[in-house]
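From these two lone chains plus the hints, build me the complex, please.
Given next are the chains, with one letter for each unit.
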Amino acid sequence: MTELAVTRAHPAAGAAPLVAVEDLRVSFPASGVEAVRGLSLSIAPGECVALVGESGSGKSVTARSLIGLAGPGARVRASAFRVGGGDALTFGPREWRRLRGRFAGLVLQDALVSLDPLRTVGAEITEVLAEHDVVPRAARPERVRALLEAVGVPDPEVRVRQYPHQLSGGLRQRALIASAIAAEPELIIADEPTTALDVTVQAQILRLLADRKAAGTALLMISHDLAVVAEIADRVLVMKDGLVVEEGPAREVLTAPRHDYTRALLAAVPSVSAGPRRPPRSPGTAPPDPVLAATGLSVSYGSRTAVDGVSFQLRPGETLGVVGESGSGKTTLARLALGLLAPDAGEVTLRGGPWSRLPERERRPLRAAIQVIAQNPLDSFDPRHTVGRLVADPIHTLPKRRRRERVAELLDRVGLPPELLGRRPRELSGGQRQRVAIARALASRPEVLICDEPVSALDVSIQAQVLDLLAEIQAQDGTALLFISHDLGVVRHLSDRVLVMKDGRAVEEGDADEVFHRPRHPYTRELLAAVPRLPGRAE
Amino acid sequence: MTAAPPRARRVPGWLAVAVRRVVSAVAVLWAAATTAYVALLLAPGDTVDILVGDGADTPEIRARIVAEWGLDRPEVVRYLSYLGRLLQGDLGRSYQLQRDVGEILAGQVGPTVRLTLAAAAVGVVLALVLAVATAGRSVWPRRVVSAAELVAVSVPQFVIGIVLLFVFSFSLGWFPVSGAADPQALVLPALALGLPVAGVLGQVLREGLERALEQPFAVTARSRGLGERAVVARHALRHALLPAVTLAGWFTGVLLGGAVITETLFGRPGLGRVTMQAVTGKDMPVVMAVVILSAAVYVTISALLDLAYRLIDPRLRSA
Chain A
23 MTELAVTRAH
33 PAAGAAPLVA
43 VEDLRVSFPA
53 SGVEAVRGLS
63 LSIAPGECVA
73 LVGESGSGKS
83 VTARSLIGLA
93 GPGARVRASA
103 FRVGGGDALT
113 FGPREWRRLR
123 GRFAGLVLQD
133 ALVSLDPLRT
143 VGAEITEVLA
153 EHDVVPRAAR
163 PERVRALLEA
173 VGVPDPEVRV
183 RQYPHQLSGG
193 LRQRALIASA
203 IAAEPELIIA
213 DEPTTALDVT
223 VQAQILRLLA
233 DRKAAGTALL
243 MISHDLAVVA
253 EIADRVLVMK
263 DGLVVEEGPA
273 REVLTAPRHD
283 YTRALLAAVP
293 SVSAGPRRPP
303 RSPGTAPPDP
313 VLAATGLSVS
323 YGSRTAVDGV
333 SFQLRPGETL
343 GVVGESGSGK
353 TTLARLALGL
363 LAPDAGEVTL
373 RGGPWSRLPE
383 RERRPLRAAI
393 QVIAQNPLDS
403 FDPRHTVGRL
413 VADPIHTLPK
423 RRRRERVAEL
433 LDRVGLPPEL
443 LGRRPRELSG
453 GQRQRVAIAR
463 ALASRPEVLI
473 CDEPVSALDV
483 SIQAQVLDLL
493 AEIQAQDGTA
503 LLFISHDLGV
513 VRHLSDRVLV
523 MKDGRAVEEG
533 DADEVFHRPR
543 HPYTRELLAA
553 VPRLPGRAE
Chain B
1005 MTAAPPRARR
1015 VPGWLAVAVR
1025 RVVSAVAVLW
1035 AAATTAYVAL
1045 LLAPGDTVDI
1055 LVGDGADTPE
1065 IRARIVAEWG
1075 LDRPEVVRYL
1085 SYLGRLLQGD
1095 LGRSYQLQRD
1105 VGEILAGQVG
1115 PTVRLTLAAA
1125 AVGVVLALVL
1135 AVATAGRSVW
1145 PRRVVSAAEL
1155 VAVSVPQFVI
1165 GIVLLFVFSF
1175 SLGWFPVSGA
1185 ADPQALVLPA
1195 LALGLPVAGV
1205 LGQVLREGLE
1215 RALEQPFAVT
1225 ARSRGLGERA
1235 VVARHALRHA
1245 LLPAVTLAGW
1255 FTGVLLGGAV
1265 ITETLFGRPG
1275 LGRVTMQAVT
1285 GKDMPVVMAV
1295 VILSAAVYVT
1305 ISALLDLAYR
1315 LIDPRLRSA
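Chain order of the listed sequences is A and B. Residue 397 in my numbering sits at position 375 of the first sequence; the count goes up by one each step and never skips. Residue 1243 in my numbering sits at position 239 of the second sequence; the count goes up by one each step and never skips.
Worth flagging that the hints you see were computed from the coordinates, not collected in a lab. Worth double-checking, as some hints may not be accurate.
[As the list claims (entries may be wrong)] Ranges of calculated distance between the beta carbons of each label pair, as one might list FRET restraints: (1) B:Glu1107 to A:Pro163: 26 to 36 Å; (2) B:Ala1234 to A:Ala161: 42 to 52 Å; (3) A:Arg542 to B:Glu1211: 47 to 57 Å; (4) A:Gly500 to B:Ala1022: 42 to 52 Å; (5) A:Asp525 to B:Leu1320: 19 to 29 Å.
[Stated by the list, open to error] Coverage of chain B stretches by chain A, computed from C-beta distances (three or more under 8 Å per stretch; other residues unrestricted): (6) 1216-1229; (7) 1311-1321.
All C-beta atoms, glycine included, are put in the ideal place defined by N, C-alpha and C.
One chain only, chain B, in its complex shape (with noise of 0.2 Å):
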């Protein structure tokens, strides 16, 4: 059964889909930004006081804070014109460190993501390999390979990356313990972020796997004269692929959120760490602006996967 065509004005599937989409991801934006302008209103204490934080506290920067901010000015013109701004792309200022807060993200993003795409490589790599060799095949590599997902997803980040800077920098001397100069520095922490990103998605994949496996389609394929491997890699990967899709946004966000402290404990520059140092030296422009930001991967993310959800599925592309 076909989906009946809407009855008023014939708006192109695809143009509607495309609407909708960038509708939502304004509104996730907007809601993300006034959400950090809240929690500025909220926080206990004067406005400016919180904006200073723990940075240096002059009558120059305070006038300057009035200034910026607009605290002179009735509420609404406030709101609307933090709005005005972000919508300039103007992330405001952050005085602890005397800088743009834009300026001091925008030096951050490189190695942050260069390590959250390792990760996400190591992640997406590993499972993929495990799960197709493992779905189906005889109990004990099967056995072995599940437990080893189960650690990995079962010990936080951090434990994996002591482990790992002990075994191969303290003791083995293979990698720099810190720093992000040399593209070796980047193995260790892209591991610690990337496995428990794999032993999830090699649970999902294998499950997914087993389960197309079992679909009459593969009976059919194998009735063809296939041999197991091209059946997987013709037929069961793609089906095993959506659900990890699925998972691709919970993804985004354990990366992000590893990021901070995987940045921290390898020494490593990035969003992170500077994320990290902002909360803890109570930066809140800083702070508003990587909650900004980080909505807006959110978005783009989620945005990207409903394209590969339509590439990979053609059921979802008549709707």
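The shape of chain A in the complex, shown without the other chains (with noise of 0.2 Å):
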């Protein structure tokens, strides 16, 4: 209790930590979770930290439990817990709430939802300022534009006056952080600050982030993505079940881990520059019939263009990435795929005959033999039914003994036990769940699988886990895969052949370590510059 001056220090040697907590712990009496279970971290003044780990790891609940918001009906005890030049054991609701904004800014994920969706982002910003009092009233709102202008927000007298849902993502969450940075803190806590974005809007964030760095404040940077962190982190904690594993320099870590569980997340990032290992197709053989075929497929929503003028083919065993950013057209491409919207021009063929043409009625017997996995089975499932149910679903005219071993055999192959059989959506992991939507979409014995957005919503090393399934069901059925993401490393763990889309068209398209390596079109270039590179890594 000596060091009571706040230090408003520049990132010096010897300077006082802005945090320094030791043997962490975070429960929740009420549902006997142990979140953190005996953490210590310190963060220097402009330094900048980075606690990676998978979902439920409680990295979350360590960052926010350092400015008091580990949560309703949190237990936080530590042995040494200094924030800001106080001690933190003895801070009541008083003394947390004078650090919280001034000492320390928080980011989270998806600004739609992190700023108040009712209020504009001018107010936002403004609350900050009037809460600290950190200019006068009247100094406010030239205090806001200027903050806004600051984290490269373009037309601040306009973007003030509007709500974060006129604004663009990537818009939204520079102004999200101009309110986490308009009491200047020492500290920015950012809570996967660009895990909702795309990745050429992630670069310019993590740019902005980095910025800030530079000018002197110190980061905790909370993220699953150990290539985001990578780029910005200049300490790395890994954490697992609520322990820190393994603790150092980022670019150790990263390049030299040591811990076995580091070592795991590593490999399972997928890398921009690995395709998957497929024996070369000898030369001489002409290649198979198309099993798909899409010609200058287009379809619009009112005034504006979905696809515009799209062609691919899809040949039995091959997988076809398509990559792009939100808005670009990969679902609508999707749904005219499966036949569940009609193009406005173009045609879709199904084992070289018609199938976008065909009525619906004269369609369906055929639509056994394309089936979809989406982004999320909780969405795409009846939350009421259980897996044996969900997966006996596209095979309900089968007898019951037959379909019932069919479900066994299903579930077999997707690597699930079959206790799971009597168990609802919501019982499941992300990754039994999508293995439950593999098996599903299997069951009908598929010649192509339409996957759209398949592992975006899971933490690396299931994802990892997930598209080594989907390519052994590819090498064992020959089935044909068109394989959408937004993320690039995972359509090229996967693909033969690469569709990048941008505003509805087809941009470039071709075999994909051509497509990768040697980027014909501007714009795949600069999607391929955006991605977050793991250092060591032969890129």
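Next comes the structure, spelled out in structure tokens:
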């Protein structure tokens, strides 16, 4: 209790740490969960510390307990807990409130819901200025404009009066950052600040955070994405089950991990440089006829063209990756391929015969041949059905006994134990759910699988398992995959050929190796340049 | 993603909304007027007998009814002249009371409006205070309040009214038993009518507040240093109001329907009482007018609610 003065210091060796916590334990007695089980952490002024780990590892709870926001009913203990020069173990609500915003600003994942959707961007930023009386009332509008300008929001005079839903994802996130830094905090806590963003926007936001760091603000960055962390962190703490399993300088942890878990995490990150290992097709043999083909597909919603003249061919046993940012028309393309949406122009053919042109009554018997795996099975499953019923759904015409055998076979195939048969979607983990989705898609023995962001909601290690499962199924059955993702690493991992989409058009198409190593279109180059990379990987 | 602008001529958004609103309001009113008219036609017996009801039955009155309702003319003309009369604001004549219906209702609107507004105020204020005081707080006050709300919701209004009368008028003598002469006489009826509203509204508001307080924007607000009260007042409350506004249409029904019982129980003048008397006295012209008037109130309220939605939620404005 001797050093009470708050250090408004520049990053300097030997300066008192902003945060110093020993043996932090956070539990939720009501649910019996121990989220953090003895973690030590210190953050020096101007330093960027990253907490990485998978969902449920306790990283968010750790970060939030540093500003007294571990959550309702949380019990926080520590043997030493110094925050902003004070002893946090003695803090009451008033002390915490003085610290929040002023000492540390918080940036959460998705600004669409992390900024109040019913209030203007200007009101949200002004709130911080008013709460901590940063500038006199009359000077606040000017300061808000200056802050928006500082985080790279163009036309701040217009933006202050707009609501979060009127801004693009990137601008929203910038506005959220502006509100977090409005009271000039010494520390920014960024909890998955780029997870909801497209890769090019992600790169911009990371640059903005790096700028704040360069200006002397310390950064506590929480992420499940090791490559994102690699771009910006000085030190990395790897968390698992509420404990730190490895800690060290970012470069060391990410290039020479000592702990098995870190190694496994790193190995699971798909890289944009390594594609599927497959024997090259022997020269001379003609490629098989495409099982699914599209020519000149166009469709528009009102005056907005969602897909504009896209053609592709998908051959048996091959994976065509479709990459693009949100709004590029990927999902509309999937709906067209599935025959769920009629194109305004162009045609989809299945096995060389008509598909999109068929009336639904004639298309229905053929639907078994083309199945879909969606991003979030929680939305695409009936929450009241059991796993057994969900998987049996496409084969309900089979006799009961045969059906039961087939479901057991399918579960075994996707690596799920038979005990899960009676469970409902909510009682499964994210990875298990996606396996059930795959089992259901395989039930009708399809020739084509349309995968729309199938692993985007999963942790990186689970993601790798699901991708491996898809590759294995493809190798065994010769299923053709139309694989849609915003994640270039994931697409690279699985695809033989790649289609790059932007604003509804296919701007580039070709062999995956070609596209990733020698992109021709400037947009592809921009996308690839924006992908965060792990250090030490041959890219 | 923004909504696509209409392909044809571009009409300003607010104008399109207003036009749609007015058209549907007219349609609802027309349907209400027609339903009332069809009910008159379908009622068993002679139309003149029905319109006379329990009132004095003289050849002069019968002749007057035939003339005023055009009963000697073809069906289509009859119906159209009925609609025409309504359009001119003529609600017809009560042959029992020997007065124009419009005049009868106009004299009774005041007390009913006072009662329903007071009841609505009781409902909204009580619900707000209780919801804000107990949302996300310690378990005990929350349990007590939500039990009280459950009682208020499930006990019929007339029971609440009788209990209130018994305790505060008969035993304690704090408030008059009946009448509407002085403002004090408004207290008990407003409570009887407003408590069930407070019960439902309180539950909806608290649930909305608790949901809003868990949202990321509430975490962001706390991370700025705001106290819990400011988070509720500046952020969570508006979010909680949205579902409550949806229920407001339903409250209109509760208040209008409840007014019938409450006014009768407390011996107050008002539309409810007139309706009650008209129904028991089989005064069909008055009943028909009340149906049309209620429809008009509903239509007005729902237009106002639409407006309130747009005021509260900016996301609806750009649509």
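Hint by hint, here is what the structure shows:
1. B:Glu1107 to A:Pro163: 26 to 36 Å: Violated, at about 57 Å.
2. B:Ala1234 to A:Ala161: 42 to 52 Å: With a Cβ separation near 22 Å, Ala1234 of chain B and Ala161 of chain A fall outside 42 to 52 Å, so the hint is violated.
3. A:Arg542 to B:Glu1211: 47 to 57 Å: The hint (47 to 57 Å, Cβ to Cβ) holds, given that Arg542 of chain A and Glu1211 of chain B are roughly 55 Å apart.
4. A:Gly500 to B:Ala1022: 42 to 52 Å: Given range 42 to 52 Å: violated, Cβ gap about 60 Å.
5. A:Asp525 to B:Leu1320: 19 to 29 Å: Given about 28 Å between the Cβ atoms, the range holds.
6. 1216-1229: Held - the stretch 1216-1229 of chain B has 10 residues with a Cβ nearer than 8 Å to chain A, which meets the minimum of three.
7. 1311-1321: holds (count 4)
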